[in-house]
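Given chain E, work out where chain X should sit, using these hints.
In order, the protein sequences belong to chains E and X.
Position one of the first sequence corresponds to residue 0 (numbering that gives the first Met the number 0), numbered consecutively onward.
Position one of the second sequence corresponds to residue 0 (numbering that gives the first Met the number 0), numbered consecutively onward.
By construction, these hints were calculated from the structure, which means they are not laboratory data.
Idealized CB from N, CA, C, for every residue including glycine.
Treat the hints with care, as some may be off.
To be verified - Computed footprint of chain E on chain X; a stretch qualifies when at least three of its residues, placed anywhere within it, have a C-beta under 8 Å from a C-beta of chain E: (1) 217 to 223; (2) 258 to 266.
What the hints assert, rightly or not - If you only want the chain X side, here are some residues facing chain E, beta carbon under 7 Å, derived: (3) Gly61; (4) Asp227; (5) Ala230; (6) Ala238; (7) Gln278; (8) Glu282; (9) Ile382.
Stated by the list, open to error - Some but not every residue of chain E turned toward chain X, in silico, with C-beta under 10 Å: (10) Thr115; (11) Asn208; (12) Ser259.
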Amino acid sequence: MQQFLNGISIGSIYALFAIGFTLVFGILDRLNLAHPSVFAVSAFVGIELVERVGLSIWTALPVVFLVGGLLGLVIERVAFRPLKNRPDAHFAGLISSIAIAGMLIALLQWRYGPDTRRFPPGSFPGTDFEVVGARVTLVQVVIVAVSIALMVALTYLVTRTRLGRGMRAIAENPTAARVLGVNVDRVTAWTFAISSALGAVAGVLFAINVNTAQLGMGAAIELKGLAVIIVGGMGSLPGALIGGLLLGLAEVFAVEYVGSSWRDVIAFGLLFAILLLRPQGLLGARKVREV
Amino acid sequence: MRTKSTTVAMATATVLALAACGSGDGGGGGQAAAEGLTGEGTGADCTIDQPVPLAAVLSLTGAAASYGRSQQQGLELALAELNEQGGVTYDLTIEDDETDPRQSITLFDQFTGQDPVSLIIGPTLSNAAVQADPIAQDAGVPVLGISNTAEGVTEIGDFIFRNSLTEQAVIPQTIAAAKEEYGLQRVVVMYSNDDAFTESGYEAFAAALKDEGIEVAETLTFSKSDTDFRALLTQAQAANPDAVVVSALIEAAIPLVTQARQVGIDVPIIGGNGFNNPQLMAEAGEAAEGVVVGAAWNSASDNPENQEFLQAFEAEYGSQPDQFAAQAYAGLKLVDQAVRAGCSAAAEDLQQALGDLQGVPTVLGEFSIDENRNADHPATVQIVQDGRFAVLQ
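Chain E extracted, bound-state conformation (with noise of 0.2 Å):
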């Protein structure tokens, strides 16, 4: 029980991590390859909130979320508008992105040193619960919940609102929502920044839960990221979901019953065992690629 709450925690961030990774991917169809280090940036600029401004760590957890949707804005104008109509855009923003990434990291370094940081001592509220027998802590449940809600907000507004429309139209096809009338320029950067923030916020969750925010924070999350969104099926947000919570609970469980040397074996054991099982992912549907 105990090692099925750690998993859903752990998983949660993977989740949210891999659902700004696949929300770009799925409506715009580029991979965005500076979302990793969008993830690192934020865990140093959330310790520096709590450190110098003195906010608590739930109240730079919304201005963290402001920082990444600004950093999707600044990511989608230089590295991805740019090379937008260029017939290679695909492969161009990709690298475009990396170069951002590296960029980012390197500003990092810059201004806080290659040292691992972490919050200061007593930022974080001692309370923790007995739930069935497990012992939770409340950074915990409120990784979860604050995951979760973000989730539920995104899915709501995918289908209900006037942008979620434009996001669909566009990912069904550009050109024809563009002569619907859908500014998709807009809806593009908006797409970033709710991507980036998305991914921002999962970066502060994740250097609360273990209290270290190191610069090699983004690349380790990275592969993870990427096997959760293959998985669950490109572009699926749902299936971002179930992937990231079964990477958490494979990881777990590999620990518990295999042994912790097998983890990172067994964990993407699962996930290639289910692309051979289901090569379009869990979620995803299958795509007919029309010549």
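Showing chain X alone in chain E's frame:
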């Protein structure tokens, strides 16, 4: 156009001049330097005319930065004291290997090649030592490790020494003391299995636990870059151990200890040398209470060298030294002993003299180099109490 050609001409001239200098230094210069490194007299009366060139390769940035900076402070303090003493002066170059063994190799190449020194101190991590020390061994330049505690470092060759007690020397004493204190019968062992240092620490723990007849309920591994240990710790807790034994670097140790307390592990946590760092208390806060760590240096020791060192360090830096500072400080003092013993800083004389060090009073206690070029001096076992290391009685 005119300015351009002048610049080119000047650049060419400079290159030629540099090349000339370079060849001079590399050939005859090295020989001359070696001759100038032998002096008159012995011990305290020894006088060597030219400053003795030394290098230290430390991890001043990256994962091991907190160790490296302590070492730098210890070395600089010792250097200032030695140079004030007179007779023999030292010219110490401290370089940063960025916690990257490849960088250590580059620096070792530099200090055995174009900038030759009499002795290299470091590198900070055993990982780097295993890869860089062979370069010095091949070049015949003595190396004094001041923090390498993994097995096999001095086995690289007869020019490699260390003044840091190995984990193999400290850990059995730690386990014995902890067993006596807490009546340990069953423990869980955790270690990161992708690092030479923590792996050799684990092996020492495993051997010591076996010798003491303590049952290992479970052995859990993780990666040195891991930060989320909840799954492992839950697993550890389920085994209901009397203590959790951990071999990890400080970067992993801090979140591990913090999360262990969150998960509800209240039994003592026994750490390897990586835990031996005041950062543990500074950043893990209350969670660090009750952590037991074996150490090469007893900060509370009242031997006169130690008391003097504590005062001087506090006066210079306004903070308490840690073991890494103490070992670095002792290291440079030992080098001075060895230089003065033969009144020579020539590589081979220094190698001989280092091997002959016996019963030298240092901040680490009475210090000798054993037949395997390892350190031999008493160890101590500490426990975190009220946010600082106290001696486990």
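Worksheet item: For which of the previously enumerated hints does the structure constitute a violation, in increasing order of number?
Response: Hints 6, 7 and 9 contradicted; others consistent.
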